[in-house]
Amino acid sequence: MNIAEIRAQFPILSEKVHGKPLVFLDSAASAQKPDVVIDAMAQMMRSQYANIHRGLHWMSERATEAYEVSRNRVASFLGGAREEIVFTRNSTEAINLVAYSYGSLLKPGQAVLISEMEHHANLVPWQMLRDRAGIELRVAPITDDGDLDLDAYGRLLSDGRVALVAITHMSNVLGTITPAERLVTMAHDAGAKILLDGSQAVVHRKIDVQKLGVDFYVFTGHKLYGPTGIGVLWARRELLEAMPPFMGGGDMISHVTFERSTWAPIPAKFEAGTPAIVEAIGLGTAIDWVENIGYEAIGAHEAALTAHALRVLPEVPGFSVVGKPKERGGVISFTMEDVHPHDIATLLDRNGIAVRAGHHCAEPLMHRLGLTATARASFGIYTTEEEIDTLAETLRRIRQFFV
Amino acid sequence: MDGSSCYDALILSRSRKPEFSGSVEEETATVQGNNPVCGDRVTLSLRATDGTIHAVRHQTRGCAICMASADLMAEAVTGSSITDALELGRRFADMLETPSSQNMIADEDVLPVGLQAFRPLRTHRSRLRCATLPWTALGEALTQ
Ligand SMILES: Cc1ncc(COP(=O)(O)O)c(C=O)c1O
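Sequence lines, in order, name chains G and D. Once you know that position 372 of the first sequence is 371 in numbering that gives the first Met the number 0, the rest is easy, because the numbers rise by one and skip nothing. Once you know that position 22 of the second sequence is 21 in numbering that gives the first Met the number 0, the rest is easy, because the numbers rise by one and skip nothing.
In case anyone wonders, no lab produced these hints; they're calculated from the structure. Don't be surprised by glycine CBs; every beta carbon is placed ideally from N, CA and C. None of the hints are false.
Here are some chain G residues pointing at chain D (derived, C-beta under 10 Å):
hint, residue
1, ASP342
2, ASP348
3, ARG349
4, GLU362
Here are the simulated lysine to aspartate or glutamate pairs, EDC-like style, with alpha carbons at most 16 Å apart:
hint, chain 1, residue 1, chain 2, residue 2
5, D, LYS16, G, ASP337
6, G, LYS19, G, GLU385
7, G, LYS19, D, ASP1
8, G, LYS15, G, ASP348
9, G, LYS19, G, ASP348
10, G, LYS15, D, ASP1
11, G, LYS205, G, GLU295
12, G, LYS325, G, ASP148
13, G, LYS210, G, GLU180
Here's a subset of chain D near chain G, in silico, CB distances under 10 Å, partners left out:
hint, residue
14, GLY2
15, SER3
16, SER4
17, CYS5
18, TYR6
19, SER14
20, ARG15
21, PRO35
22, CYS37
23, ASP39
24, CYS62
25, ALA63
26, ILE64
27, MET66
28, HIS123
Could you build the full structure based on these sequences and the hints that come with them?
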């Protein structure tokens, strides 16, 4: 993998911020887009754009075909069938879809089990379901190192009342990669279905839903070098077939009279209204691009970067890494003694370095860790060791400035 | 260091060593200001009678700007009338939020030096709220 060649494909990486070269260490919030993705979307709008599934004309047929080809791409990417791929706006909408639709099949007395390290996207929809449907919401604790506490997870499943487990496949705060196969087996043994939030995981490793054995898998396009406005829900065919529609409107029906409507077959049943056509094309292109580089190369690059970061950053006076999970992806949350994360982020920004600071949409996790905020550096395909050295060096100066 | 212009020496020193932290005796009002976006929290404790603020103290959990702003606010409004304090809060917000070209009155004429230290924040829009949070809380405490 040639980093210089890869970086050359991301026009934004040659931008300057406050007169400094951009050092973009916020890919976990949203990744930058390579030329091929930008071009594919522009090309679509320039030469073959029309609404899909509706027109009998040539342009519409071509647009429909391109949209459905993207669905095929996502299906083979995840190892599912094309009918099992529902396009959504993002992970948040995919999880809400499951919470509304699958959630409506749950009965009081049943429970949904999440973990302490969920993004708000995989927490709030379940709270809303709890309040709507009178089910119980259980929270599996994490250890102080930032791993899921598997014993506690097992205990929470043991009474057989958990209908659905919804857990992150990789934490956006701690970088923890959760032991998905174990979680799936334990959930199934307890009679529960399981949803994995792959928003972060899908960027860093090859996902095979069959091998994982999960029931629902969600991810969001913009973190995977694709555009915003497009996300994916994969679910087992029989689940999607049993689930009621989420939203009503055009495209999701088979037959409509004023008295009643019947639903289109899956996946159209869950795609009401004109979807994000151009964005779906962008996502398909991003997936091609990622698979072309290959997860092996991506994984090796990110592991090397993370190891480098965990070596050089802790040498900065006052620096501490938040969490020490057994297995982690390219996300490092940190604090620095005597300097608040927001002040760190502001001064890094003024030196061209983009990191995130705050609670990272995981307030309950922050609370569990006894923190109110952290700063977070996250790495992508285009990140270099030199950028991490620049981060370390700048952090050193920030600390000197404040102390 | 580069880009540190929004951290005036006064802001730095007050964030390190606040002079008005804690709570007041014979407190007449207390209020908590939260910034849900970043988790900053300012708890104000004050004694105000007969339309005058006699004492203000704060307990702040937050960034340097928020901490210093709470402290310099406490200093600025101690001894002033409630009306003047509220007016000062408006002027402070104006200084930060109004583009300089539209600012008819020079800040120097109306704001204590301590508050002018925050002026460079104008170009750090994402951090404005850190400076205004204590003032929002004060407004609430004085009007509740
Ligand atoms: C673990 C995790 N889940 C869910 C989300 C939500 O993604 P989106 O905002 O694209 O729906 C994110 C990212 O913000 C995330 O990191």
